[in-house]
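Colleague: So you can see what is in the structure, the chains are spelled out below.
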Amino acid sequence: MLTINNVTKHYDKTEALKGVSITIPGGTCYGLVGPNGAGKSTLIKMITSIIRDYEGKIEFNEKRITDKTKQKLGYVPQDIILEEDISAFSNLQLFGRLYNVKGNSLNQRIKEVLALIGLSERSKDKVSAFSGGMKRRLNIGCALMHNPDLIIMDEPTVGIDPQSRKYIFKMIEDLKTAGKTVIYASHYMEEVEKLCDYVAFLDRGEMIENGAISELLQQYAVPSIYVKGSGIPQDKLEQYGTVSQEEGAFILYTEEALAAMEHIISYCRENRLDVERMELVHPRLEDVFFRLTGSNLRD
Amino acid sequence: MNAIMIVELKKHLQDKGLAFWMLILPILFTILFISVFTTGDNEAVNQEIIQSIVPGYIVMFVFFIMISMVQVFIKDRNKGMTARLASTPLKSYYYLLGKWLPFTFIVIIQIVVLFLFGKVVYDVSLGQPIILLILSLFITFTVTAIGLAMALTVNTENMGIAITQIIALGGAMLSGLWMPLEMMPVFMQTIAHFLPQYWAHQSFQDAMAGTTQVPELLQTLGVLFAIGAAAFIIAIIRYPYFLKRAVK
Ligand SMILES: Nc1ncnc2c1ncn2[C@@H]1O[C@H](COP(=O)(O)OP(=O)(O)O)[C@@H](O)[C@H]1O
Ligand SMILES: [Mg+2]
Chain A
1 MLTINNVTKH
11 YDKTEALKGV
21 SITIPGGTCY
31 GLVGPNGAGK
41 STLIKMITSI
51 IRDYEGKIEF
61 NEKRITDKTK
71 QKLGYVPQDI
81 ILEEDISAFS
91 NLQLFGRLYN
101 VKGNSLNQRI
111 KEVLALIGLS
121 ERSKDKVSAF
131 SGGMKRRLNI
141 GCALMHNPDL
151 IIMDEPTVGI
161 DPQSRKYIFK
171 MIEDLKTAGK
181 TVIYASHYME
191 EVEKLCDYVA
201 FLDRGEMIEN
211 GAISELLQQY
221 AVPSIYVKGS
231 GIPQDKLEQY
241 GTVSQEEGAF
251 ILYTEEALAA
261 MEHIISYCRE
271 NRLDVERMEL
281 VHPRLEDVFF
291 RLTGSNLRD
Chain B
1 MNAIMIVELK
11 KHLQDKGLAF
21 WMLILPILFT
31 ILFISVFTTG
41 DNEAVNQEII
51 QSIVPGYIVM
61 FVFFIMISMV
71 QVFIKDRNKG
81 MTARLASTPL
91 KSYYYLLGKW
101 LPFTFIVIIQ
111 IVVLFLFGKV
121 VYDVSLGQPI
131 ILLILSLFIT
141 FTVTAIGLAM
151 ALTVNTENMG
161 IAITQIIALG
171 GAMLSGLWMP
181 LEMMPVFMQT
191 IAHFLPQYWA
201 HQSFQDAMAG
211 TTQVPELLQT
221 LGVLFAIGAA
231 AFIIAIIRYP
241 YFLKRAVK
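Heads up: the sequence lines are chains A and B, in that order.
To convert, note that position 248 of the first sequence is 248 in my numbering; the numbers rise steadily by one, no gaps.
To convert, note that position 51 of the second sequence is 51 in my numbering; the numbers rise steadily by one, no gaps.
Just chain A, same shape as in the assembly (with noise of 0.2 Å):
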């Protein structure tokens, strides 16, 4: 279990981080999102304490972070950090060996880790010559070769193909499924949706909201029907809740929108009116922070 208390970060003119708690729960897949400038990659530097001077606490299974607890973080940066004129290879020997993992278990871990990000047939060639993705999984691996029993990544998904994107949505199953604890902050909202349990929102350094997604996602977001026809009247639609329209359609918010579903398809069938498209639309993580600030997330 990671806590953070009360964490205030100044750097010289902007406050990044204004009393920030969060409490993340051993095992689970908790997601950091708000927007770039958030704060995100600050208070991920403050709990992998590359930054320490700041005010609050921050604790790892109630101790603070030292050198020893270190051993159980693993820390994926948001910027591709790696050694560029030497193998892949040699970079997961480096990081292993910073991790104190040596002979032949450090040998069998980079195999393994080379396996799990899907470098294996390329070890031996220089960093520099990978493309972007292929970075990026190695910046990942990197992190992995102590078998640290929480993963922090920040942003890992940034300017990645599609192919290298799907390993690391794997590679995030494989870590859940193993019982560790996985930080994954991103302003990818849909990402975080998919893959996350947890979440808390930050936005110009303050945490916004936090919880477990399933339920943030029934206390902040309403359900939506996509209606599109002609002759259906707004003013029937807003019996049932809020109206906005949108390219020729309308967009109704509802919390009983199954039933909503219903009338308006028996008054459609009674008035002969033709329905063109009407669909039930799930409340997304992205209507969550839409409503808790009243701004999408831009990149």
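Simulated from the structure, these hints should not be mistaken for lab results.
Any given hint could be a false lead.
[To be verified] Derived pair list, reagent style BS3-like, types lysine-lysine, alpha-carbon separation capped at 30 Å:
1. K11/B to K124/A
2. K75/B to K13/A
3. K16/B to K68/A
4. K79/B to K170/A
5. K91/B to K126/A
6. K68/A to K18/A
7. K10/B to K102/A
8. K13/A to K11/B
9. K91/B to K72/A
10. K244/B to K111/A
Following the hints, complete the assembly by docking chain B with the ligands onto the known chain A.
Modeller: Frame of chain A; chain B with the ligands shown alone:
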């Protein structure tokens, strides 16, 4: 620490720029200057000139390791590697040692190769090899300590290269590595006594000729060590600032 050292050695071994600055260029200079200055017929005088030029260019070119040192540290800092390593259990002073020690190996190898080159090609005498080795170890410490202090202090690679040029070329000129000190104005001869290059060059020549006087040797070793230690202290003082900038 070993982890860092192994990677550094791997990188240095394939670094062609390093081989050029540290070995090829000094050999070219040595050949060139010996051919220019030994045109006279007097064999004894010629050999004397060679005995001065060979160690002179060794002392001058050991300083070029500083360029490589500044490149390694600034690159690590700017790329974020220094910060990333701070998330691992690696102790920060082991990081420093792991980066520094490979440079000392390189400089020692450089000195040995250049002396052997002098021996094989120009038959210079290496009268007191043990003393030559001890001197080499001390000058290596001095040079890499100055390099370390500079690498942890400057903001940009270009600035580091500029400072290296000043120290290596300026020091070489003022220390009489290019022309005998006796031919220079008195005040410049005085300045030379404050430069490590002067002391190293004098003692190298004595040891090659086999005429080392113990007090003079100790004086040289003392000067080299003092300058190196001072630089090392500056490096240690600068290191926390370097780390702070690396984290940004
Ligand atoms: N080294 C730094 N110096 C000054 N300000 C910084 C530094 N790093 C980040 N910031 C500022 O802190 C805020 C949070 O940045 P960051 O943690 O990188 O956000 P995110 O990872 O969510 O995009 C931003 O306003 C950013 O400009
Ligand atoms: Mg970030």
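Colleague: If a hint holds in the structure, say so; if it doesn't, say that too.
Modeller: Each hint, compared with the structure:
{"no.": "1", "hint": "K11/B to K124/A", "in the structure": "15 Å, holds"}
{"no.": "2", "hint": "K75/B to K13/A", "in the structure": "26 Å, holds"}
{"no.": "3", "hint": "K16/B to K68/A", "in the structure": "39 Å, violated"}
{"no.": "4", "hint": "K79/B to K170/A", "in the structure": "28 Å, holds"}
{"no.": "5", "hint": "K91/B to K126/A", "in the structure": "27 Å, holds"}
{"no.": "6", "hint": "K68/A to K18/A", "in the structure": "28 Å, holds"}
{"no.": "7", "hint": "K10/B to K102/A", "in the structure": "19 Å, holds"}
{"no.": "8", "hint": "K13/A to K11/B", "in the structure": "39 Å, violated"}
{"no.": "9", "hint": "K91/B to K72/A", "in the structure": "16 Å, holds"}
{"no.": "10", "hint": "K244/B to K111/A", "in the structure": "35 Å, violated"}
Hint compliance for this structure: hints 3, 8 and 10 are not met, and every other hint is.
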